[in-house]
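2 protein chains.
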Amino acid sequence: MQLTEEFAATTQYFPVRKALDDDTIHNFKPAKKITLDDLNQNVLKSEYAVRGSIPRRAEELEFELLNNDSSDSLAFENIVHANIGNPQQLDQKPLTFSRQVISILQYPELLNQRNILVSTGIFKSDAMERAETLLCHIGGSVGAYSSSQGVYGIRETVANYITARDNGETASPDDIFLTEGASKAASYLLSLLCKDKNTGVLIPIPQYPLYTATITLCDAKMLPYYLNEESGWSTNTNEIEKVVLDAIADNVKPSVMVVINPGNPTGSVLSKDDIIHIINIGAKYGIVLIADEVYQENIFDGEFHSMKKVLRSLQKQYPGKYDAVQLASLHSTSKGVSGECGQRGGYMELVGFKDEIRQAILKLASISLCSVITGQALVDLMVNPPKKGDESYELDNFERKNIHETLKERAEKLYNLFCQLKGVECQKPQGAMYLFPKLHFPQTLITEAINQNMSPDEFYCHALLEATGICTVPGSGFGQKEGTYHLRTTFLAPGNQWTEKWKLFHEEFFSKYQ
Amino acid sequence: MQLTEEFAATTQYFPVRKALDDDTIHNFKPAKKITLDDLNQNVLKSEYAVRGSIPRRAEELEFELLNNDSSDSLAFENIVHANIGNPQQLDQKPLTFSRQVISILQYPELLNQRNILVSTGIFKSDAMERAETLLCHIGGSVGAYSSSQGVYGIRETVANYITARDNGETASPDDIFLTEGASKAASYLLSLLCKDKNTGVLIPIPQYPLYTATITLCDAKMLPYYLNEESGWSTNTNEIEKVVLDAIADNVKPSVMVVINPGNPTGSVLSKDDIIHIINIGAKYGIVLIADEVYQENIFDGEFHSMKKVLRSLQKQYPGKYDAVQLASLHSTSKGVSGECGQRGGYMELVGFKDEIRQAILKLASISLCSVITGQALVDLMVNPPKKGDESYELDNFERKNIHETLKERAEKLYNLFCQLKGVECQKPQGAMYLFPKLHFPQTLITEAINQNMSPDEFYCHALLEATGICTVPGSGFGQKEGTYHLRTTFLAPGNQWTEKWKLFHEEFFSKYQ
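Listed in order, the protein sequences are those of chains A and B.
Taking full-length UniProt numbering, the leading residue of the first sequence gets 1, the next gets one more, and so forth.
Taking full-length UniProt numbering, the leading residue of the second sequence gets 1, the next gets one more, and so forth.
Think of the hints as simulated: they come from the structure by calculation, not from any bench.
Hints should not be assumed to be uniformly reliable.
Since the list gives no way to pick out one identical chain from another, each pair is judged satisfied if it fits inside one copy or across any two copies.
[Claimed, not checked] Listed next, the in silico BS3-like pairs over lysine-lysine satisfying Cα-Cα at most 27 Å (straight line): (1) Lys316 x Lys32; (2) Lys512 x Lys438; (3) Lys221 x Lys363; (4) Lys428 x Lys401; (5) Lys195 x Lys45; (6) Lys501 x Lys93.
All of these numbers come straight from a predicted model, not from anything done at the bench.
Based on the provided sequences and hints, a complete structural model is requested.
Next up, the structure:
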């Protein structure tokens, strides 16, 4: 009733429409503008640190550097964007073959100029052929909507790739959804699986904040499980099971478990044993597993085990035991060696779901019509690169190896820096694009941070940005054990200058508060 | 407590992890798979007719035609996709200049081959120059994430376009968000503005089902206002105000009003007077206006008035009265003459919102990282085509005019067909890409439909598809006055064959039930 009274006080009923020449139609008391109170409070509660306050400040500084004379007062000449895994913003070049194909898809008229373009070496003929095949799958134009699940021919290519990756365990195009990056897949799954406030979603801590943000938007309950920093950010299954049982005791239904492998922000790679234990939890409690496997190509140390492959081997070994496991595996063109973040390509594979669930996801996807077609084509190119003997093979293979090696070198270089720094402890990078060092702050620094109304890790990242232009994200944005402090940084930036600057900053900053 | 007991019955606590060589870790009772009951019920409730049961059946038939011998038994050789405004799926060609630019953006190496490519006439030099400018705005690669609001330089171009469109009323790049089509913009706005179950969203009936689907997902309350079919689907402001007041009396807060102009599915164009009355409602009740103006270029009859231009003129004429009006205007590269549905480009302009609201939208956008960069570039190309004197101007202008004329001719041709058909009544098309004829069904047909568990319009569309391959959408998917029946069809398909087939089907079908 309150609402009615409030409105009754500010408005009076008379028809807005009479005749246009009648000035009374403009004779009303205007209402006020909406404020934050009028909004969906879950949006206000959600946080996405990767684009949070430090990155926003970095954007301001970058704007100053580009446009303003006052930039003379800044201690640096450019921003080092280490807050986000965005390889092509730094110096990573796109793969030539992929870009040739997409370029032709955008302007198929080039196919009619094949003689000139191939003889001059501007395009390779196998790029022309791949573009023709893809155009045929797509139906002639990247400017038309595809089916909401994605272009069928591309889903077939993805299914073949997964089958080969998982030692012949068959994947079906019907279970593949082409999505705008992995973010969109995560959003579909959580929107669907979060039934109400009592739905629990297990997330690793630290985690990629897309998950906390999306769970908050869905108004579901976060069930954090902590990774073991000391043993390379491995999972602790006993602890996970305790989280599940505590949730049940609290009348929260643990429905979904997010697993990020290789880890973001941790850079770890899960062992096969860890994955088996996670699948056991899924099987025993009927918890849907979301395997965020977008960094599956970014492995420097150890081996990537896809959750599906491990599941299939368990299903063979223990007949009947694992038949009800439901798994969604996410992949993306943004990471790996393609690094095509801005092109918004990705896929998810659904494993073990009832068909009615697949249909519900399809309906959700249909409301967004379809994912961008060139992003879908890039998925095809990611999983089906030129093969030995193909004209583009050598260059493509060289570029892929080179990117992989470069990433590995940069990871090691930054890791070595952190090993040298006083008060910094870092796990050895095994995969992904990030390091997540632990910072042992002096007490005076902690006190000063609190005085300035910041968490100590935020205080450090803030000072690092203002002193050097290096933009990182405080560990608090990803979650960390109470009383510990971290930061996430990508290792993607080239050169030694930025790591040198970081070293100097760190030593000065720590000695100031020692 | 029920949940706890249920789980206690099916699971027993023992640590899943002991040692891997211990078979007890696989010794648990597996849980069951999830079912529809376990899902977010709003997803199940949501409906998106444009990709609903008739289009799904059309997909099956198309699959049969392509892959199956049983297609011999079908009465047609291809599906006519008239269910969705997807011009390039039919025979509309993309604009050459736009595609040349995007092709270069995808493979900037082409810029180094300028001499060959321009001298052979493969690319125009102004396409090369535009690509260089855009690459500079974008920061060098379409494969990098942009800021979540979109590339600044492109937002500047959009702001300049709006300023010119609205007779010099200034637009600012800070108020422009680049989005994946208009669907994503609608989704951001409704997710944010739908606070709770008591939030009311006014939607026209008939409406584009993206809105009903999204409102259902947001768990808000739909407040339908009916358009006047008899007077060319105009708005009735008295009725709208009654809807607002009835909602308030019901303790529902009318917070948002969706206006689709030119109309989808109606094909109508709102008069300036209608728009003034709508703005009055927004001003008087503090209702946020969402102006879906994606068909602003698709005008065949009458004139398009942007809601912002009308608002600005009211603000000048009645100082202080309209200052609190809050408006979001949506546009897209999917429609107009570019028709680039699969490229997922679009923008929204925010007018009159407090900065805190803009920040909240930005946070929501940041969780999706950014919209696809080539889609952003296409927005630039849509609003800033080649100018008189530019090398590409003549061809581009010819193509644009040609597409516009073709669409107009097809609209008229289909309208003329409907005028001839018995029991069909259709408003004259003024804009957009659709006709929404009213079907006066014989009573025997209505009875037969009900016997077959279908609404009569669904029954008709179903029979039309099975007999001719023409895929349309029943009016019930868009909303219609009780006891009336319609269907939505695009007029995009080329040739006369399909309209002839429709005519024959209609006459036969109606005479069967006469």
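Status of each hint after checking the structure:
1. When the C-alpha separation of Lys316 and Lys32 is checked against a cutoff of 27 Å, the pair qualifies only between copies, where the shortest distance is 19 Å, while the shortest distance within a copy is 65 Å.
2. When the C-alpha separation of Lys512 and Lys438 is checked against a cutoff of 27 Å, the pair qualifies only within one copy, where the shortest distance is 19 Å, while the shortest distance between copies is 78 Å.
3. In this homomeric assembly, Lys221 and Lys363 come within 27 Å of each other (Cα to Cα) both inside a single copy, at 24 Å, and across copies, at 21 Å.
4. For the identical chains of this complex, Lys428 and Lys401 are intra-copy neighbours only, at 21 Å inside a copy versus 61 Å across copies, given an alpha-carbon limit of 27 Å.
5. Taking CA atoms no more than 27 Å apart as the test, Lys195 paired with Lys45 passes in both settings, with 19 Å inside one copy and 13 Å between copies.
6. Within a single copy, Lys501 and Lys93 get their C-alpha atoms as close as 25 Å, which meets the 27 Å cut-off; across copies the closest is 53 Å, which misses it.
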